[in-house]
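Just need the whole structure built from these sequences, with the hints factored in.
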Amino acid sequence: MKKFVAIALVSLLFPVMCFAGRMDVRKPAYEQVLNYESQGFSVKDDIQIGELEKGRSYYFNTQLTAGIEYFYHFQGDQGVNKINLVIFDENWKVVAQGNTEGEGKSIAVTLNPEWSGTFHVKATLVDCNAAFDYWFILAGYR
Amino acid sequence: MNRLVSSLVMLVMLIGVLIPAAGAETLSEAEKKEFAQNLALPSPAEMFLAINRLNDADWSKVAGSSPRYDYGDNYVRALNLGLRATDGLVAILSKDKAKLGEVIVVVITLAEDLMVQDTILDRSSTFEQLANEGRWSELRDELDSLRYLIEMEMDQIGDQDIATLVRVGGWLKGLTATAGLMKKQHYSDNVTSILYQPNLVDYFTVELANMEPEAKANPLAQALMKALPKIRALVNVGYGKPVPDKNIEELHRLGSALVAKIEEG
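If you're matching them up, the sequences are chains L and R in order.
Reading the first sequence from the start, the letters are residues 1 to 142 in my numbering.
Reading the second sequence from the start, the letters are residues 1001 to 1265 in my numbering.
Hints listed in this document are in silico derivations from the structure and should not be mistaken for laboratory results.
Take the hints with a grain of salt, since some may be wrong.
As the list claims (entries may be wrong) - Coverage of chain L stretches by chain R, computed from C-beta distances (three or more under 8 Å per stretch; other residues unrestricted): (1) 41-54; (2) 61-74; (3) 88-94; (4) 123-136.
Said to hold, decoys possible - On the chain L side, residues computed to face chain R include the following (Cβ under 8 Å): (5) Tyr36; (6) Gly98; (7) Ser106.
To be verified - Keeping only pairs whose Cα atoms sit at most 20 Å apart, straight-line, the calculated DMTMM-like set for lysine to aspartate or glutamate is: (8) R:Lys1033 with L:Glu69; (9) R:Lys1097 with R:Glu1034; (10) R:Lys1183 with R:Glu1029; (11) L:Lys54 with L:Asp89; (12) L:Lys54 with R:Glu1034; (13) L:Lys93 with R:Glu1031; (14) R:Lys1033 with R:Asp1202; (15) R:Lys1032 with L:Glu69; (16) R:Lys1241 with L:Asp77; (17) R:Lys1261 with R:Glu1029; (18) R:Lys1216 with R:Glu1142; (19) L:Lys27 with L:Glu90; (20) R:Lys1033 with L:Asp77; (21) L:Lys93 with R:Glu1025; (22) L:Lys82 with R:Asp1073; (23) L:Lys93 with R:Glu1029.
Nothing here was measured: the structure is a model prediction, and the numbers come from that model.
Glycine included, each C-beta is placed from N, C-alpha and C at the ideal position.
Here you go:
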């Protein structure tokens, strides 16, 4: 329940998120929050929602802690055909990756960092029906 | 024939060098710089959870929390709100209902003084119920959500400096409490790397430097800006390396002094 309230409140705080496309990805985002919470994960509140042109990537850094299991869930909206997600450690070594093959609009990867540090996350919208489409990324830990 | 075989071997080796392994992801230098545009901040709960899992960490030794909430300006309130939200996580890990209750009262009072919407603060009524039912994991998430929403609201109503100070306060207390626990007990090399956070120090350094002149002139903000390079030097040991004991002790000393100064107002 709390994440639903969080998503709703954050949406109120961000008027731009009330565009239809972003509204559309909020429902599956909420469903995935429940899914991960049921698996014992604490889902982080800073749910990232955005839009990408076909073939473009969204990049971000994050600090991960050794001894914790993390998940990253990347999902596109209805018109998205293919996405991929890659996570690098500080030495630019790939530590987790996933991509959708054929049908499927979501990717989930988990990782257990051996050492704490800054990790680099790259989420790519490989293909979609329109010139751009909406997506969200959930992250959490347990 | 021998020359043909050796030429083929060389050709295969050359192809191996020029063509990355199937599925390997390579990044250009320009692309590597893109990552720095966005940072997803961790919660202090992640550090605490990693340590809590290793042994019977005695959280009561790092659970000190000031009950004070009557501060004179919003910058000091924001820093203390950050500290108290992290204290709340410690109280949850030590399953200390009384301490948690005290912390929540201070967090809510400080948030009210910062003009946070009632719609956000009303959610705090669930804390007591969750604590009474022993739902500690949910409590931890709930407190983290409350802190996050307060920060977001501050950002949205144009008080980015206040949001920054809440974040800095929470992070500083998390780092200090973690160093305090590590100081009291030996941990393996990779566990000490929990304190390896130079990029977070850099992030907060930039955020503090970008505050409005009035916020930057606050003596506590000044003290933080002065201390961050020292904190960075202590934690910047390199990826995949342990943080030495002497650095942990100094980090705890430095962090504790800053926390005490913030609590004094």
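Checked hints:
Coverage of the stretch 41-54 of chain L by chain R holds in this model, with 6 residues showing a Cβ closer than 8 Å to a Cβ of that chain against a need of three. Restraint check on the stretch 61-74 of chain L versus chain R: 8 residues with Cβ-Cβ distances below 8 Å, three needed, restraint holds. Residues of the stretch 88-94 of chain L with a Cβ under 8 Å from some Cβ of chain R number 6, which satisfies the need for three, so the listed coverage holds. Against chain R, the stretch 123-136 of chain L contributes 0 residues with a C-beta closer than 8 Å to a partner C-beta. That does not satisfy the three-residue criterion, and the hint is violated.
The interface hint given for L:Tyr36 is broken, as the beta carbon of that residue sits about 11 Å from the closest beta carbon of chain R, more than 8 Å. Interface restraint check: L:Gly98 against chain R, minimum CB-CB distance 11 Å, threshold 8 Å, status violated. Below 8 Å, beta-carbon pairs count as interface contacts, and L:Ser106 has none with chain R, the closest being about 19 Å; its hint is therefore violated. For the given pair, R:Lys1033 sits about 27 Å from L:Glu69 by alpha-carbon distance, which is inconsistent with the 20 Å threshold.
The straight-line distance between the Cα atoms of R:Lys1097 and R:Glu1034 is roughly 44 Å, outside the 20 Å bound, and the hint therefore fails. Only pairs whose Cα atoms come within 20 Å are accepted, and R:Lys1183 paired with R:Glu1029 is rejected, the gap being roughly 39 Å. Distance restraint check for L:Lys54 and L:Asp89: the Cα-Cα separation of roughly 26 Å exceeds the 20 Å cut-off, and the hinted pair is therefore not satisfied. With a CA separation close to 17 Å, the supplied pair L:Lys54 and R:Glu1034 stays within the 20 Å bound.
Distance restraint check for L:Lys93 and R:Glu1031: the Cα-Cα separation of roughly 15 Å lies within the 20 Å cut-off, and the hinted pair is therefore satisfied. This hinted pair checks out: R:Lys1033 and R:Asp1202 have alpha carbons roughly 15 Å apart, not beyond 20 Å. Restraint check: the Cα-Cα separation between R:Lys1032 and L:Glu69 comes to about 25 Å, which exceeds 20 Å; the hinted pair is violated. Straight-line distance between C-alpha atoms of R:Lys1241 and L:Asp77 comes to about 41 Å, which puts the hinted pair past the 20 Å bound.
For the suggested pair R:Lys1261 and R:Glu1029, the alpha carbons sit about 42 Å apart, so the restraint of at most 20 Å is broken. This hinted pair does not check out: R:Lys1216 and R:Glu1142 have alpha carbons roughly 31 Å apart, beyond 20 Å. For the suggested pair L:Lys27 and L:Glu90, the alpha carbons sit about 34 Å apart, so the restraint of at most 20 Å is broken. Under the criterion of a C-alpha separation no larger than 20 Å, the hint pairing R:Lys1033 with L:Asp77 is inconsistent with the structure, at around 27 Å.
As the CA atoms of L:Lys93 and R:Glu1025 are separated by approximately 9 Å, the hinted pair is consistent with the 20 Å bound. Between L:Lys82 and R:Asp1073 the alpha-carbon distance is near 51 Å, which puts this suggested pair outside the 20 Å criterion. Restraint check: the Cα-Cα separation between L:Lys93 and R:Glu1029 comes to about 14 Å, which is no more than 20 Å; the hinted pair holds.
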